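So you can see what is in the structure, the chains are spelled out below.
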Amino acid sequence: MAGSRAKDAKKLALILLFTPFALWITLLILLPHVGMMVLSLKEKVAPRVYEYGFDNYINFAQEPIYWNTLLRTGSVSLLVTLLALLIGFPVAYYIAKIAGNRTKGALFLLCLIPLWVSDLIRAFGWILLLRETGVISSALQASGLIDTPIEFLYNDATVIMGLVYTVVLFMIVPLVSTLDGMDNEMIEAGYNLGGNGFTVLRRIIIPYAMPGIVAGCIVVFMLSAGSYLTPILLGGKNSSWFTEQIYDQFISRYNWESGAAFGFVLLVFTSLVVWLGLKLSGQTLSSTVAKS
Amino acid sequence: MSTTNPTHDLACTALSKSFGSVQAVDNVSFDIPPGSFFSILGPSGCGKTTLMRMIAGFENPDHGDIQIKGRSVIRIPPNKRNVKMVFQHLALFPMMNVYDNIAYGLRCVGASRKEIDQKIADVLERVALPDVAKREIHQLSGGQKQRIAIARCMVLNPDVLLLDEPLGALDLKLREAMKIELKLLQHQFNTTFVYITHDQSEALVMSDNVAVMNEGRFEQIGTPQALYHHPASAFVAGFVGDSNRWTGKVIDAGNNNVRLSCDAGFDAQSHTTDTITLSRGDNATVYVRPEHIQVDTQVNADNNNQTDATNALTGHIDSLLFNGANSRVLVRDKAGELIEADVTLTGSSHDPKPGDLVRLSWRSEQALCF
Amino acid sequence: MLRHGYRLYIVLFFVFLAAPLIAAGLFAFNDSLFPVLPWRGFTLDWFFNDTEPKLGMFHDRRLLRGLYYSFVIASFVAMLSVFVGTCNAFLFVRHDFPAKNFFYILMVLPLVIPGVILGISILAMASNIANSVERSMGIDLELLRPGIFLVVLGQFSFITTITSLIITARLKKFDTTMEEAAYNLGASKARVLRTITLPFLRPAMIAGAIVAFLVSFENFNTTLFLVGSEAPLTITMYDRMVKVGSTPVLNAVSFFLMLGSALLALISVLVQRDNKS
Numbered sequence: 001m002a003g004s005r006a007k008d009a010k011k012l013a014l015i016l017l018f019t020p021f022a023l024w025i026t027l028l029i030l031l032p033h034v035g036m037m038v039l040s041l042k043e044k045v046a047p048r049v050y051e052y053g054f055d056n057y058i059n060f061a062q063e064p065i066y067w068n069t070l071l072r073t074g075s076v077s078l079l080v081t082l083l084a085l086l087i088g089f090p091v092a093y094y095i096a097k098i099a100g101n102r103t104k105g106a107l108f109l110l111c112l113i114p115l116w117v118s119d120l121i122r123a124f125g126w127i128l129l130l131r132e133t134g135v136i137s138s139a140l141q142a143s144g145l146i147d148t149p150i151e152f153l154y155n156d157a158t159v160i161m162g163l164v165y166t167v168v169l170f171m172i173v174p175l176v177s178t179l180d181g182m183d184n185e186m187i188e189a190g191y192n193l194g195g196n197g198f199t200v201l202r203r204i205i206i207p208y209a210m211p212g213i214v215a216g217c218i219v220v221f222m223l224s225a226g227s228y229l230t231p232i233l234l235g236g237k238n239s240s241w242f243t244e245q246i247y248d249q250f251i252s253r254y255n256w257e258s259g260a261a262f263g264f265v266l267l268v269f270t271s272l273v274v275w276l277g278l279k280l281s282g283q284t285l286s287s288t289v290a291k292s
Numbered sequence: 001m002s003t004t005n006p007t008h009d010l011a012c013t014a015l016s017k018s019f020g021s022v023q024a025v026d027n028v029s030f031d032i033p034p035g036s037f038f039s040i041l042g043p044s045g046c047g048k049t050t051l052m053r054m055i056a057g058f059e060n061p062d063h064g065d066i067q068i069k070g071r072s073v074i075r076i077p078p079n080k081r082n083v084k085m086v087f088q089h090l091a092l093f094p095m096m097n098v099y100d101n102i103a104y105g106l107r108c109v110g111a112s113r114k115e116i117d118q119k120i121a122d123v124l125e126r127v128a129l130p131d132v133a134k135r136e137i138h139q140l141s142g143g144q145k146q147r148i149a150i151a152r153c154m155v156l157n158p159d160v161l162l163l164d165e166p167l168g169a170l171d172l173k174l175r176e177a178m179k180i181e182l183k184l185l186q187h188q189f190n191t192t193f194v195y196i197t198h199d200q201s202e203a204l205v206m207s208d209n210v211a212v213m214n215e216g217r218f219e220q221i222g223t224p225q226a227l228y229h230h231p232a233s234a235f236v237a238g239f240v241g242d243s244n245r246w247t248g249k250v251i252d253a254g255n256n257n258v259r260l261s262c263d264a265g266f267d268a269q270s271h272t273t274d275t276i277t278l279s280r281g282d283n284a285t286v287y288v289r290p291e292h293i294q295v296d297t298q299v300n301a302d303n304n305n306q307t308d309a310t311n312a313l314t315g316h317i318d319s320l321l322f323n324g325a326n327s328r329v330l331v332r333d334k335a336g337e338l339i340e341a342d343v344t345l346t347g348s349s350h351d352p353k354p355g356d357l358v359r360l361s362w363r364s365e366q367a368l369c370f
Numbered sequence: 001m002l003r004h005g006y007r008l009y010i011v012l013f014f015v016f017l018a019a020p021l022i023a024a025g026l027f028a029f030n031d032s033l034f035p036v037l038p039w040r041g042f043t044l045d046w047f048f049n050d051t052e053p054k055l056g057m058f059h060d061r062r063l064l065r066g067l068y069y070s071f072v073i074a075s076f077v078a079m080l081s082v083f084v085g086t087c088n089a090f091l092f093v094r095h096d097f098p099a100k101n102f103f104y105i106l107m108v109l110p111l112v113i114p115g116v117i118l119g120i121s122i123l124a125m126a127s128n129i130a131n132s133v134e135r136s137m138g139i140d141l142e143l144l145r146p147g148i149f150l151v152v153l154g155q156f157s158f159i160t161t162i163t164s165l166i167i168t169a170r171l172k173k174f175d176t177t178m179e180e181a182a183y184n185l186g187a188s189k190a191r192v193l194r195t196i197t198l199p200f201l202r203p204a205m206i207a208g209a210i211v212a213f214l215v216s217f218e219n220f221n222t223t224l225f226l227v228g229s230e231a232p233l234t235i236t237m238y239d240r241m242v243k244v245g246s247t248p249v250l251n252a253v254s255f256f257l258m259l260g261s262a263l264l265a266l267i268s269v270l271v272q273r274d275n276k277s
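Chains as they are written, first to last, in our numbering: chain L, 1 to 292; chain W, 1 to 370; chain V, 1 to 277.
Hints may contain errors.
[What the hints assert, rightly or not] Quick partial rundown of chain V residues pointing at chain W, CB under 10 Å, derived from the structure:
1) 54
2) 128
3) 130
4) 132
5) 178
6) 179
7) 187
8) 199
Just so you know, these hints were derived from the structure itself, not from any lab. Here the structure is a predicted model, which means the values were calculated and not measured. Every residue, glycine too, gets a C-beta built ideally from N, C-alpha and C.
With the hints as constraints, model all of the structure from the sequences given.
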């Protein structure tokens, strides 16, 4: 008797807890995406008259500017991911394993504070440093190294640097928590058994940190491919970033159908890259990003 | 079966509980007289925790009845049962100080501030920690936490206090001290304690009665002495205390006496309990405690017929396990079997040494066969 | 040698991290009409001056309104996402149900969907619903047009994942015997939740709320598509940057926001540390 009542209460609690989750995921994630897909299959043939078809996607495929932008966004984002990993890993390793207990907390906090500062402010800071009249150019002039001001903005290198800057913390934070959980004795045992620095890194540390590395890479790649402010502000209006195309279709041309198609293309493309990355690294979504 | 018997603080009748295909508790019945210390002893996974959780109300039995002070509590939810529990890791609330931990249960029943103050001062006095009320939990030592956990329950005047291996997390020295302390506390409160443990020495030292549990069933209920000296089953004989054990075939049986031809290559004379009937040709096991084996160093190899013991063996000492008053020798007999026997080591040159030839003997009443 | 090189690398990295933030913050105090060198002396005009051309941020009505809207939006998002995040934590830690793993991945998914796509998909659906309601019933559902409500929904849609992960991690560490102990001491289920479980979760809920607040405050990508006439601060700042160009008042706002973020981040760290001991 008491048992079945307890079971009923448990079932009721389950339903009550599942409701907000279901509402959130269905109304704000699933339905909008289904809606976006449906919208992307519509085409305006006359005012208020729509037909269903793949025209928006065909348009996308036929216009090299569009898919070149997508490929560029993807390849630059991959490069940004790689750079963020190469730059971030030593920093994460230093924080997790080398720094003393007190410096560790301070450094980690230092890593976190820029995380909470808006993209906009960070990009704004770079603009002030890098533009023709900016700090670096003025400083170089004042020191006599150059005669005429140099424009550091509006080139690919700056966009990549800005993107790495924006995302590198999302690489470092999961890496620090993964490396933190690694027993120091494991590294010592590696050396003790005759490994040198490189083999210990390759055979012990990196395999152990793999879930953290993959998690960081996924988040960084998605953030980079989905970023809007950094490429536009540092790369100028012609930075050819795919999110810019989506914005253009949606807001400037007010062509929502085509914008939805572009959005869907970006989503499928990035998901494909992430899926490929997971397959290649032998990880799953639940062993990396979904683990906390 | 379910007779109302108010002379018992806790009575369980034919309790059963299974999880899927696992029978965790299988038809267990027992009753505990008021004010006694009752232990349930068994290896991990024997169902003792499930049994305790059923008494506390966290699990519902599939069959059977639980009565507290003569009233069935099967339908009473855990927060309304007057059975309190000290958890394995104590489960003191870390975000509250000692006072608030102890006051928790009193506030649940809506006691007044004055009453709470009074009762807390009282119970802290009784666990001999009168000045810790304002301390945080993490400021207490292991033994103090233990006592606060008990005080938190006892302040509610439970009919029965359940203790789920609360000494397990303590280091050895403190555990020894807490054993005695728990027993004293139980005397002082005069409340029935039901103590769960896998550690036989805890059960034997503290309890008035011990139930030995194995695979969901009670093997035997009795005083510590009865369990130790008159185990009712092979499991109890093997689990409580140390034993040498030899398997073999019965070659002669009768009158609570058995003669066994052991696989180890010697014959052993042993007695059996009334409940066990063995006949010629049966497989059986004989148990002999190390302290019941007499070790004689004055022996020459071919002459071994001079004591009244019914069982005797000779062998060489393989190694000496020195542990003060509880020292022991390992003797390897002719067939290569290792036998444990207690010895008294005085530190003199007469003490047995590894390699010595010794004669081991024990009387048949001191061996038990199942 | 190698050791010093490593340390130098770390120092350089943190210089790299700090450089744009310092640049963005420092020019707020330069007594000049443009955020450029040379340094023309210290001033607080870009915060407090009340006349053009050096209108300080605390007298700039559009910036103040942006700050206010950001605050309102971030507060709603923080409350909602902590509530749903707490429910999710209980759902995934305490209950078993079919396809739990699949639902867990669904819960994490919004974190890896580009913010721009979340923005347009929610915009498209809301407009779709609003349009069909208007056509069939003649009622204009103002709520589903771009505006604060949609911005809150859009940010909530992915910030809830963050709060869920934070609170789930803490609930996993909870020793459930603590609840049983309270229950055993006579507390009702509701009382156990109120006096034992929620106090244990409180640091994670506060940290989750702070993170949600900050992420909402700085969000741009999702907000951009859902914003109506009530523009939050990041949008206002972006507008100003594009239309007017960089002016030191933006540095003042940046400095103000960095200060606020740092403070909140510090609080969240302290709250979480406090409970560990």
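* Sort out which numbered hints this structure fails and list those numbers smallest first. => The structure breaks hints 1, 2, 3, 4; every other hint is satisfied.
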